[in-house]
Amino acid sequence: MVEATRTGGRPASTGVIPGDVALSVGKPNVAAPDGWKWTALTEVARLETGHTPSRRHPEYWDGDIPWIGIKDATANQGRTLTDTIQHTNQLGIDNSSARVLPANTVCLSRTASVGYVVVMGRPMATSQDFVNWVCSEAIHHNFLRYVLLAEHDAFLRFASGTTHQTIYFPEVKAFHVCLPPISEQNAIAHILGALDDKIELNRRMNETLEAMARALFKSWFVDFDPVRAKAGGIEPSLPTSVAHLFPNSFQKVQGENIPHGWRPSCLGHEVTRLGGSIQTGPFGSQLHASDYSESGVPVIMPQDLTRRHVSTVKIARTSEVNAERLARHRVAPGDIIYSRRGNVELHALIGKREAGWLCGTGCLLVRLGTKFPSPLFASFALDRPECRAWIVQHAIGATMPNLNTGILNRVPILMPCDAILAAFEETLQPFAQRVVANEEQVALLSSLRDTLLPKLISGELRVKAAEKLVEAVA
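The opening position of the sequence shown corresponds to residue 4 in our numbering, with each subsequent residue numbered one higher.
FYI, nobody ran anything at the bench for these hints, they're computed from the structure. Backbone N, C-alpha and C fix where the C-beta goes; we use that ideal spot for every residue, glycine too. Treat the hints with care, since some could be wrong.
To be verified - Straight-line alpha carbon distances no greater than 30 Å define the calculated DSBU-like cross-link-like pairs of lysine-lysine that follow: (1) 221 <-> 374; (2) 374 <-> 355; (3) 30 <-> 467; (4) 233 <-> 221; (5) 374 <-> 255; (6) 221 <-> 255.
Claimed, not checked - Here are the in silico distance ranges between beta carbons for each label pair: (7) 206 <-> 164: 32 to 42 Å; (8) 439 <-> 397: 29 to 39 Å; (9) 61 <-> 32: 46 to 56 Å.
Take these sequences, add in the hints, and give me the full structure.
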């Protein structure tokens, strides 16, 4: 027997709003697969909500109780949280309607940003922006996680509101889920969880590789460790062929001490091309909305730019015919892509994977050219906090920052000699290649998971058939 809901308020809705896969507001008139059953979610899981301890009392905050807010959910869609951005404490819990819920509680954002799902990795509290389910032995918490993830597009149908969409409690209390026996729930959760674990492992490996690369860049080009060591009569901890490339003294240039022989410059002086992207206006090369398709040549758009990388999650595509027509907008390995508006401080370094793709509308192309010895150096230099802050500071527009080639031309950059840049590129190439390989595997595993998710959760595909598909790519 599941404890009664502790949310209070109005009773469950009596209407029916079918979802897309295995969830519905009210019991739908849809046949369940053999052995499965449409079940009120509150019959197998205790429904809880959250609350925000008063911000006027700083003593309620910065304690030892993780507190899930919207930013935690949007940054960790589908993941298990072991920590949160903010923490409350027992005093904050005692003086609010917030409650500490157990590990494996499944949380769904119901307002502000609707439809984000996370699972508590340890006891935590949440804001009032979430509805939370403490699962009984009749429903596996990971099976519920995947049901909610599969229904992401349906949540807006469950929501109401003109300014801000919200899923209200009468609808939440009326949630029905199509449940297989617990043994099959466990098997489904295991298959999807194994894929997610492999994806997460690759992501963490890439985070480690990225951190190692950043540390090397900082050591050589920010802290000048090899130069300081040689200036102090100590041989740097580097291969002799690399160590001898660094000078053994500093020079003062423009009021700053920099390694002897290095020079302050700006991006425009070091690159082959700073240019625009595909236009959407009535003149010149352009792509219209009707030119995009589900297959074809990928088109890099501003929303695809993450920190130094291109995200392929929702990348747009166009036909080979359009790509040939817009050939001058094709990108090459070593190119750097910026967004013209919004997060103008972010860029992506183009690798072999993206070669031949198109630089899409709203982007700016930086072509380093064949004479630049290290695209990796350029990317890490442009990603320095000081450099990103400079770009934001000089961007045009108070409400929405705008970037143009004139601003990118003036971005300051400290240039070592070409031999050091070549050594840096050679040292980091194995890191970069491993990152790309991991990203490709993540893309493959993510595609398989996204294909299997609705089919397994709906019962369309059974466990044994899914296991064979997973084994084929494992």
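So, going through the hints one by one against the coordinates:
1. 221 <-> 374: Holds, because 23 Å separates the two Cα atoms, which is no more than 30 Å.
2. 374 <-> 355: Between residue 374 and residue 355 the Cα gap is close to 18 Å, so the pair holds against 30 Å.
3. 30 <-> 467: The hint holds at about 29 Å.
4. 233 <-> 221: Roughly 17 Å between the alpha carbons, so the hint for residue 233 and residue 221 holds.
5. 374 <-> 255: holds (27 Å)
6. 221 <-> 255: holds (20 Å)
7. 206 <-> 164: 32 to 42 Å: holds (34 Å)
8. 439 <-> 397: 29 to 39 Å: The hint (29 to 39 Å, Cβ to Cβ) holds, given that residue 439 and residue 397 are roughly 32 Å apart.
9. 61 <-> 32: 46 to 56 Å: holds (53 Å)
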